[in-house]
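2 protein chains.
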Amino acid sequence: MNTMTDAAAVAAAQTDAKSFRDGLFSHGILIDTGENGLYGRSQVFESVVDGLNAAITHLGADQDPEFLRFPPAMRRTDFEDSEYLKSFPNLAGTIHSFCGNDGDHVRLLRCLDDAMKESDDDRSEEWMKYQKPTRLTLTPAACYPIYPVIARRGPAPANGHTVDVLSYCFRHEPSIDPGRMQMFRQREYVRIGSPEQVMAFRQMWIERGSLLIDLLRLPVEVDLANDPFFGRGGKIVADSQRAQALKFELLIPVALEDSKTACLSFNYHMDHFGAIWKLACEDGSVAHTGCVGFGMERITLALFRHHGFDVHAWPDDVRGLLWGDTKARIDHGLAGAAT
Amino acid sequence: MNTMTDAAAVAAAQTDAKSFRDGLFSHGILIDTGENGLYGRSQVFESVVDGLNAAITHLGADQDPEFLRFPPAMRRTDFEDSEYLKSFPNLAGTIHSFCGNDGDHVRLLRCLDDAMKESDDDRSEEWMKYQKPTRLTLTPAACYPIYPVIARRGPAPANGHTVDVLSYCFRHEPSIDPGRMQMFRQREYVRIGSPEQVMAFRQMWIERGSLLIDLLRLPVEVDLANDPFFGRGGKIVADSQRAQALKFELLIPVALEDSKTACLSFNYHMDHFGAIWKLACEDGSVAHTGCVGFGMERITLALFRHHGFDVHAWPDDVRGLLWGDTKARIDHGLAGAAT
Numbered sequence: 025m026n027t028m029t030d031a032a033a034v035a036a037a038q039t040d041a042k043s044f045r046d047g048l049f050s051h052g053i054l055i056d057t058g059e060n061g062l063y064g065r066s067q068v069f070e071s072v073v074d075g076l077n078a079a080i081t082h083l084g085a086d087q088d089p090e091f092l093r094f095p096p097a098m099r100r101t102d103f104e105d106s107e108y109l110k111s112f113p114n115l116a117g118t119i120h121s122f123c124g125n126d127g128d129h130v131r132l133l134r135c136l137d138d139a140m141k142e143s144d145d146d147r148s149e150e151w152m153k154y155q156k157p158t159r160l161t162l163t164p165a166a167c168y169p170i171y172p173v174i175a176r177r178g179p180a181p182a183n184g185h186t187v188d189v190l191s192y193c194f195r196h197e198p199s200i201d202p203g204r205m206q207m208f209r210q211r212e213y214v215r216i217g218s219p220e221q222v223m224a225f226r227q228m229w230i231e232r233g234s235l236l237i238d239l240l241r242l243p244v245e246v247d248l249a250n251d252p253f254f255g256r257g258g259k260i261v262a263d264s265q266r267a268q269a270l271k272f273e274l275l276i277p278v279a280l281e282d283s284k285t286a287c288l289s290f291n292y293h294m295d296h297f298g299a300i301w302k303l304a305c306e307d308g309s310v311a312h313t314g315c316v317g318f319g320m321e322r323i324t325l326a327l328f329r330h331h332g333f334d335v336h337a338w339p340d341d342v343r344g345l346l347w348g349d350t351k352a353r354i355d356h357g358l359a360g361a362a363t
Numbered sequence: 025m026n027t028m029t030d031a032a033a034v035a036a037a038q039t040d041a042k043s044f045r046d047g048l049f050s051h052g053i054l055i056d057t058g059e060n061g062l063y064g065r066s067q068v069f070e071s072v073v074d075g076l077n078a079a080i081t082h083l084g085a086d087q088d089p090e091f092l093r094f095p096p097a098m099r100r101t102d103f104e105d106s107e108y109l110k111s112f113p114n115l116a117g118t119i120h121s122f123c124g125n126d127g128d129h130v131r132l133l134r135c136l137d138d139a140m141k142e143s144d145d146d147r148s149e150e151w152m153k154y155q156k157p158t159r160l161t162l163t164p165a166a167c168y169p170i171y172p173v174i175a176r177r178g179p180a181p182a183n184g185h186t187v188d189v190l191s192y193c194f195r196h197e198p199s200i201d202p203g204r205m206q207m208f209r210q211r212e213y214v215r216i217g218s219p220e221q222v223m224a225f226r227q228m229w230i231e232r233g234s235l236l237i238d239l240l241r242l243p244v245e246v247d248l249a250n251d252p253f254f255g256r257g258g259k260i261v262a263d264s265q266r267a268q269a270l271k272f273e274l275l276i277p278v279a280l281e282d283s284k285t286a287c288l289s290f291n292y293h294m295d296h297f298g299a300i301w302k303l304a305c306e307d308g309s310v311a312h313t314g315c316v317g318f319g320m321e322r323i324t325l326a327l328f329r330h331h332g333f334d335v336h337a338w339p340d341d342v343r344g345l346l347w348g349d350t351k352a353r354i355d356h357g358l359a360g361a362a363t
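Keeping their order, the protein sequence lines are chains A and B.
Take the first sequence: its letter number 145 is residue 169 in the working numbering, and every next letter is one higher.
Take the second sequence: its letter number 166 is residue 190 in the working numbering, and every next letter is one higher.
Treat the hints as calculated values from the structure; they're not laboratory data.
Fair warning: there could be bad hints in the mix.
Given that identical chains are not distinguished, each listed pair holds provided it fits within a single copy or across any two copies.
As the list claims (entries may be wrong) - Straight-line alpha carbon distances no greater than 30 Å define the calculated DSS-like cross-link-like pairs of lysine-lysine that follow: (1) K42 <-> K302; (2) K156 <-> K141; (3) K42 <-> K284; (4) K153 <-> K259; (5) K141 <-> K259; (6) K302 <-> K141; (7) K42 <-> K156; (8) K156 <-> K110; (9) K110 <-> K351; (10) K110 <-> K141; (11) K259 <-> K110; (12) K156 <-> K259; (13) K284 <-> K259; (14) K271 <-> K259; (15) K110 <-> K153; (16) K153 <-> K141; (17) K351 <-> K271.
Kindly generate the complete structure, drawing on both the sequences and the hints.
Put into structure tokens, the structure is as follows:
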């Protein structure tokens, strides 16, 4: 193991990431909050996100998805049921609140006053011992809140069910790489049905997702992938996920020169969520599920990386796709792909 | 003190709120998650929110606001600095995460397994002792993240500065009243400048906010108000806030028959945020701040309450304002108000 080279590679990646992030800050595209992975968004950044959302809507319109939006939190018992904590305990966020009385409040404020005598980075978090768990957690992926809600309706129709969701998600992984945020938006199409329906859906979205990225004039590379499972046992689970080809990612160079960032992912959950939340098919079998996830911030950052910080100088067809005749360009792309 | 009557009034309000919420669920406008104050949004609900946002944008366009968007979280040290915990400790949400090793993970999962043997409502939260505070908290009001960011830029220009923000906010107050959510969106215009600039801004927005609600054919009633300060000392602070006329609210009957819900608020913070974050005016004095906040879910719910669950049956001019010639109708309203 060549640790010198590894260390040098990490340092180089940090430099790449920092330099790209500095560019985003200095051009006013993202706004520095002082915290890695937590950024304000400018109007131009949000206009790219809006344009992408419109394109993704047209790309999925013929699937007649059900439109659902959830706040960035979910019920804690649903989150516990999801088994997310088995795989990614380090990434999850739970919400805590003060539930005490006047006396506790006085003590909390005294703790906080003491903490605030120190510099920001040295502040004690002692006051937070007064925070108690609430019944909510942050949403770890946009599709999580939908399964228990859909399950309660009864079996999926014979031709399956498709849902369109978008939400801010939280992952506790502070990073200097702007492509790795703690709070970011995922847009997803989710399919609930038979294994054949879900596999066909995933294949279609690998093609359509690649089409979108191609129309945005970004490099397309789809590869087998695995989730970052926690701990010593994580590698075994990751290997198994790869062996079963459950996850593919569309990778684009974003902040780093030598490694690529997953901007879309195409996931087959098999009956994992179906079994947990008793999602059923019309014939009574356990429903399988799958989803395509669009990392809205990551695709947006990829556009800034490859086309420059000035959106007015982006290629005309990219500007047209985002803010012009979006529907016509998507329809034309879909027609071309079908021939 | 007539506690019987009080109890009867509370019971009646609960019945009102539950019946309105049941209507929203049964018409598929909001989606039940099983948790009070946490709801999914349907396409029709979101289309009303989108229409309102477009109208609010036109209503403020001549103010040339800076557009800023933040994720629904802020830096914990900024949140601590804000003094929110002095006034509303019970409403704030902090974000916690697992930061342990493999062994801790095993112990966490063992706790969780035990908890999950119980029914949802009886589950132990013992596993959450492994959750540690992160450096982020949930955003309590949409404008909070902007002050430290704006302060770092240096003094406000001589004619002040106006910011347009929108964010999901968290308040820990589970309620059966759909007008009181734990996760909801606030759109705000924020003014930073001299006391005269901020007072003039607030007066203008009391008028413009009333105009918007009038154009939506909802009843307009603006009243002096106070925030729900915590604890025994809270009443004194609330009385002082009223005596200084720092807060006005636009109240509309929403879920409850006999009491009204604050759908917009018009706030003068004096130099509270300016002093905390060292926001300065061009002449070196501490900047004053104020904001108008639009409760996006509350205004949307008021529309459903007053115009019915079927948006196709809403008055033509309300539909036109939301989804038709929004700009022309707002401009016409502003011109009428100016004469």
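Among all the numbered hints in the text so far, which are the ones the structure does not match? Of the numbered hints, just 9 does not hold.
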